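Trainee: Residues per chain are reported as follows:
There are 4 protein chains.
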Amino acid sequence: MVESRPDSPSTSDTAAGRLADLQLTARTAAGRQFVELAERHAEDFAARAEQHDVEGSFPFQNFKEMAQSSFLAGTVGAEYGGLGVDSLYDVMVGLSRLARGDASTAIAANMHVAGASVAGQFMRRSLAEGDEHTAAMLSALLGQVGSGAVVMCFPTTERGTDLTAPQMEATPADGGYVLNGRKIFGTISPAAQLFFPSVRIPKDGGGYLTGTAMVPGDAPGLVVEDNWDSLGMRASGSNDITFTDVRVPASHVFAVKDNYAKVGQGFATFALTANIPLIATFLGVAECATAHAAEAAGKRKGPRKRRLADRIPIQQLMAEIEIDLATCRAMLARVGQLADEFLARYETGDPLSAESNALMKETQCMKYVVNRKSIEVVDRAMIICGGGSYMSRHPLARLYRDVRAGPFMQPFAPYEALEYIGKVSLGLDPALDR
Amino acid sequence: MVESRPDSPSTSDTAAGRLADLQLTARTAAGRQFVELAERHAEDFAARAEQHDVEGSFPFQNFKEMAQSSFLAGTVGAEYGGLGVDSLYDVMVGLSRLARGDASTAIAANMHVAGASVAGQFMRRSLAEGDEHTAAMLSALLGQVGSGAVVMCFPTTERGTDLTAPQMEATPADGGYVLNGRKIFGTISPAAQLFFPSVRIPKDGGGYLTGTAMVPGDAPGLVVEDNWDSLGMRASGSNDITFTDVRVPASHVFAVKDNYAKVGQGFATFALTANIPLIATFLGVAECATAHAAEAAGKRKGPRKRRLADRIPIQQLMAEIEIDLATCRAMLARVGQLADEFLARYETGDPLSAESNALMKETQCMKYVVNRKSIEVVDRAMIICGGGSYMSRHPLARLYRDVRAGPFMQPFAPYEALEYIGKVSLGLDPALDR
Amino acid sequence: MVESRPDSPSTSDTAAGRLADLQLTARTAAGRQFVELAERHAEDFAARAEQHDVEGSFPFQNFKEMAQSSFLAGTVGAEYGGLGVDSLYDVMVGLSRLARGDASTAIAANMHVAGASVAGQFMRRSLAEGDEHTAAMLSALLGQVGSGAVVMCFPTTERGTDLTAPQMEATPADGGYVLNGRKIFGTISPAAQLFFPSVRIPKDGGGYLTGTAMVPGDAPGLVVEDNWDSLGMRASGSNDITFTDVRVPASHVFAVKDNYAKVGQGFATFALTANIPLIATFLGVAECATAHAAEAAGKRKGPRKRRLADRIPIQQLMAEIEIDLATCRAMLARVGQLADEFLARYETGDPLSAESNALMKETQCMKYVVNRKSIEVVDRAMIICGGGSYMSRHPLARLYRDVRAGPFMQPFAPYEALEYIGKVSLGLDPALDR
Amino acid sequence: MVESRPDSPSTSDTAAGRLADLQLTARTAAGRQFVELAERHAEDFAARAEQHDVEGSFPFQNFKEMAQSSFLAGTVGAEYGGLGVDSLYDVMVGLSRLARGDASTAIAANMHVAGASVAGQFMRRSLAEGDEHTAAMLSALLGQVGSGAVVMCFPTTERGTDLTAPQMEATPADGGYVLNGRKIFGTISPAAQLFFPSVRIPKDGGGYLTGTAMVPGDAPGLVVEDNWDSLGMRASGSNDITFTDVRVPASHVFAVKDNYAKVGQGFATFALTANIPLIATFLGVAECATAHAAEAAGKRKGPRKRRLADRIPIQQLMAEIEIDLATCRAMLARVGQLADEFLARYETGDPLSAESNALMKETQCMKYVVNRKSIEVVDRAMIICGGGSYMSRHPLARLYRDVRAGPFMQPFAPYEALEYIGKVSLGLDPALDR
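Residue numbers (this note's numbering), protein chains in the order written: chain A, 4 to 437; chain B, 4 to 437; chain C, 4 to 437; chain D, 4 to 437.
The hints are simulated quantities; they were obtained by calculation from the structure and are not laboratory data. Hints are supplied without guarantee of correctness; some may be wrong.
As the list claims (entries may be wrong) - Chain C side only, calculated, beta carbon under 8 Å to chain B, not exhaustive:
id, residue
1, Ala168
2, Ile386
3, Met394
Source: prediction; values computed, not measured. All residues carry an ideal CB built from backbone N, CA and C; glycine is no exception.
Please build the complete structure, drawing on both the sequences and the hints.
Mentor: If you want it as structure tokens, here you go:
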């Protein structure tokens, strides 16, 4: 969106202005501040997005600026120096705005921002349960995150398994653990100082527990590979991360549960907090594509000198885009509201399994639609913009590649989401037959 | 949904119970009462729906019961004996529930309920503007509606024109008017005691004003034809209504505006109030179809004795249904919330044209999606239920016919909606090129 | 399509004429004669279609006229008095044409015409294999069919099982068999003099063989119920047929095979011969709907007096219809050609299982698309024709109900077709997990 | 498809073997030879496709090998040293096969191969019309092409206009012409020795004629820019080509017609010959993606160690792919057959406008579907292959970018195709309102 690119809309022009009409807006004061920061950052990041995409380089400058503005401390309480956004709805809106400027940065930032949110939830729960040790550790962590000193990475994906059954192992040794394993899609890893890989822990008598380890980025044996070379989202730094005989003290392996290979309670809570804003970034991509289409329609003329915008077929294409945006916004808004209510209801207790599954089902319905519709919006924007949008340098060529990441996002492939949704809908055990 | 039909789900069983999980719910206390009444009526009306459909007969008993329960006075203030539901969102939820039992009854009831809501809005505005004459007339009307004594019909559709340009004429005569014209799709007409046709009024020097007339059902020259013989929605009584030299006093032609053939301000307000709950009835139809599908999936077995619900392809079909329901609910919820805010903001003043168009655009996006998705839900429910659902007596055979009414609903055909949405989106005058 | 209905296209006008441009045409001389007869019959049958639909009555007069014209003997060799159409492609084209006039009559006629075709194939094979007894019986049958004296019905569907595993049983008794069972969807039954139900035959030691019985319509114990009351295809006479202790001689149970509950060789051959023209009838329905849409677009005017045809959105809707028709025609044409080659290749030997499955897979791909696209064509035609097409008397209201029969047609529900196609594609055993 | 890439299918394995089942096959002996060459080349080119894509470099070696094998002379008569393929159907099949290996090479080769075909048609017509001068020039050209000495480029696209109204001008001067203008999307230009830009020629009294110029690649003033840097089809060499005061003799501007900015007769003939095989390359891309998906499904295992192919949802995704392939093949086959008949019918005379439009309409229906379905096939293949296919080095990441070129292909954007099809369907002048 640099000035030298003739069709780039700025956020202050008419086309983008119209987007503002019924876009999603924050519901809390803290959220509004967060969203405003996101919009300001987006404008700056847009100018750098092309270069990071071409190079596949990580946008360190973006993260520096988001740390300085306290955007990265958005979900941390004001007492820790954060913005104190406690509405998941508002976090979601903010991430969708950030993604209008650079989707790679947005999905990377979300990893950290959602993680901070979960850390806060977890600390409040630890306090309520009287687990002061964990609460103190998390409190210290929140202080670091609130001050912008620490960026967190939560690598959970591995080849050949799913989120519920990590193969990376935390083996008890010398009163602590030794970690070994390889994570993939370690989004935000180049910027992170702290890593929270999911692990399995061998049980006496066989089988495994699951847990999360906390590992400083400079721990011996932890290597962030520089191997993220992808179709799109090229600036997200989603490298492989290897852990070879990495030693951690016992207190740094927490959230230990006996639910290996099961869709457990905590799954939904974490999945919602991390997933809902993540999916919202694809709305941001679609909105950015829409702005390009509206800009082109308003300026370009066809062979007979009619402005594109004045041709009914172009109006209809814009309408199909608007319908898809309205659909995505409505589904995000509803899930965001339901999730805020759900999280408030279960601040300090475990949600009922049925309720947790019902919300997870609704979230997966939303993800299914938003992933698909955002792809279709970019496609239609390319049709409106014409052959020029097939050139490498056109912003839509990048959006076309970025937006396709959506259906690969955790926890389910599209066909698995259908199976999960159907099973919950029919009152069955939602464990997939995979 | 009579007992003798083996696959009919009752609303208390598991399948229907699951529907309740994340269904739309009322946001106000009055709304909750309205929704509860709707659910109770739906259960009763479901038992009569088949017969009215077969006969094409009007469900007078349903309307008698809805008058007795005060459901028909739902949107009338408590001071007039009504339930005082002032949230359009809640009206919408109530109508979607009623439609689960009998969609014909729901679209007919909506005509009256929405009309009462508009009458209330109009009265408050008349008071604010110091028009005590109109306010008194409307106050009297609301009293009659609140007591259940009067059912209203608002015939606005005519052949060969659109809503903005009625051809039915109110010709000034003897200090009053003489009405002549033919309305079609006069839903609820068999039960109505008062008719409010839209009319045009010749202007001095040519051209027309628009207005609304109030005509008692027994006025000489007013004839409700008995000619509603349709593919579906067969019990909605959407007959032609002819007006031949019907005399009305001057005070009974009101809301006179100089906007003939223009998409004016009041258009959006009325359209929202009447349209949003109307479109919600198709969600109700889809939800009813879903309950039949869930019921069949839970009970039926295939040739190899596997329960349908245990087959992954059936789970995926149910998931596609759930995704469509989630989409419809989210879009209705968002538009309902936006409309409530809009109506509150403009209780006593004219909305800005841009804002009015933006909301109308969003509503048309919602209508486009809900009309289409509800059709697809019924289709998939038929696939799950198998060949039996192709029999005349199967409830889905009726729903298949009822649900197709959606895309015909005012004010736009689907391709016109696209043109309207696109024009608003691109900042153009939304007048259609028709 | 009676004259008094203003929008009814006649086949000679411009709209219908345009349809002729790139419609499917017969490839053989006999086929062209068959198609011409179909077109002539279609014109006559169209005039009666509405009444049979309203009444749910069987079109005996249509069958009388098709017997007189020798259309019903289309697939019978000239030596037996038939037209000698031996190209399945041409049979398919003919049935699609017949369906333009009355789809119910077309699917009923197909049952008989396809059966005659299979009987001819079977006779040639019996001769080649030296089975003179069967050849003689079939020769006699073909003589009766060729002369128009006999109409055949092949009831194969039963509740709670699939085509490969009939539950109707032929129990050996007194050197012959006793038949007991109930068939459903017995299309053409009111007109039939000979019935060929599929049966199972108990094996010594347990298990079953499959076979086909031949039963005269006046056999004691055979009852054609009068219970076909369906959403659409109301004139197809697809009644239940019950067999209670019906005695048949041993020679009247033939095609006995040891493939109970298996997708065997003969399955494909019969399925192709009966299914391909059956699916083509839905193209005919779509073509008929298109003619109505084109007619309306050419005549109707909008509120601003522009002809529908001159509005770009209507042109685009017509284009989407044309694309769907082109898709259906192309897929039918390709499968028709492949099937003609396949049947010629295996006149007297069993096809290879891989080849048989490959063609069946291709046919199911075609069925999946044609069933769906024909439904969409009717839907779009209704959008073009507007609210009038929602009236019971409008031909599109009938087509909307008729066309929905497609996805229920044997041998697979849509989700089963996907499973079958996928399994064949991936080189797996195509037996469904049902 | 190099061996070191673990998931790359070779054309000899089972997955690709299954593709062969009902793939399109040539109808003539010469065509079969052409298709075999295409398959052999495809195997070789596949090994180089990734590198050319990464670099955006032109595959000169591919063109050298296609010249040596006489593939590039496929459509040239045997008397000129070519293969003598005169069936457009067979050309189409060959190009679809070539595209399985490298789509960029296929669309570049098509430009030349189609051009040679048109040159042959044009020569035969010139002879028939007694225009010996043109015939001799074309005969010499065919000799050069037949021997593999010359590669041709036909640049026709310019910014801000459409194919019927070139802005590049051939200005009469000194008994010849001076050419000035800029062409874009000059596919195959890096390899070409002869260029045939479309031009306009000023008419006395205003207005323009259209024509085609023949310009050697080394003509002073002709510059092939090196600026093709695109999202996909990166090896097609579709550079801009500028002509600055390029002088050509009068005889090198031919096919002069008075149809500027009109959809004329020759338009269809050329469009068919060039477009049908061009669109078929996208089938090839889809088939290549399918082979990758089948390969992955057969080898990969999920978290619970079930092979992907054994999971019903994967089978259903493969079925949806098969349905799309079957659709594309059938539509290409039908249009190919119709086009062969059409071209044979009008070897030496102008086709009727109605017939020409009908076939062009059918071709645009096919293009609309094939462009879209091939995109969907690649999308589903990515779903089956999982997150690995989002990596830059995975072949599907390239196919995802290549396949999106389809909807940009001449002569119509998708929404323009709809308008064209609809106008022809409704019997209107097909000139677009652009």
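Trainee: Work down the list of hints and note, for each, if the structure agrees.
Mentor: Hints and how they fare:
1. Ala168: With a minimum Cβ separation of about 6 Å from chain B (threshold 8 Å), the hint on Ala168/C holds.
2. Ile386: Where the cut-off is 8 Å and the nearest Cβ of chain B is about 6 Å from Ile386/C, the hint holds.
3. Met394: For Met394/C, the interface hint holds, since the closest Cβ of chain B sits about 6 Å away, which is under 8 Å.
Checked against the numbered hints given earlier, this structure breaks none of them.
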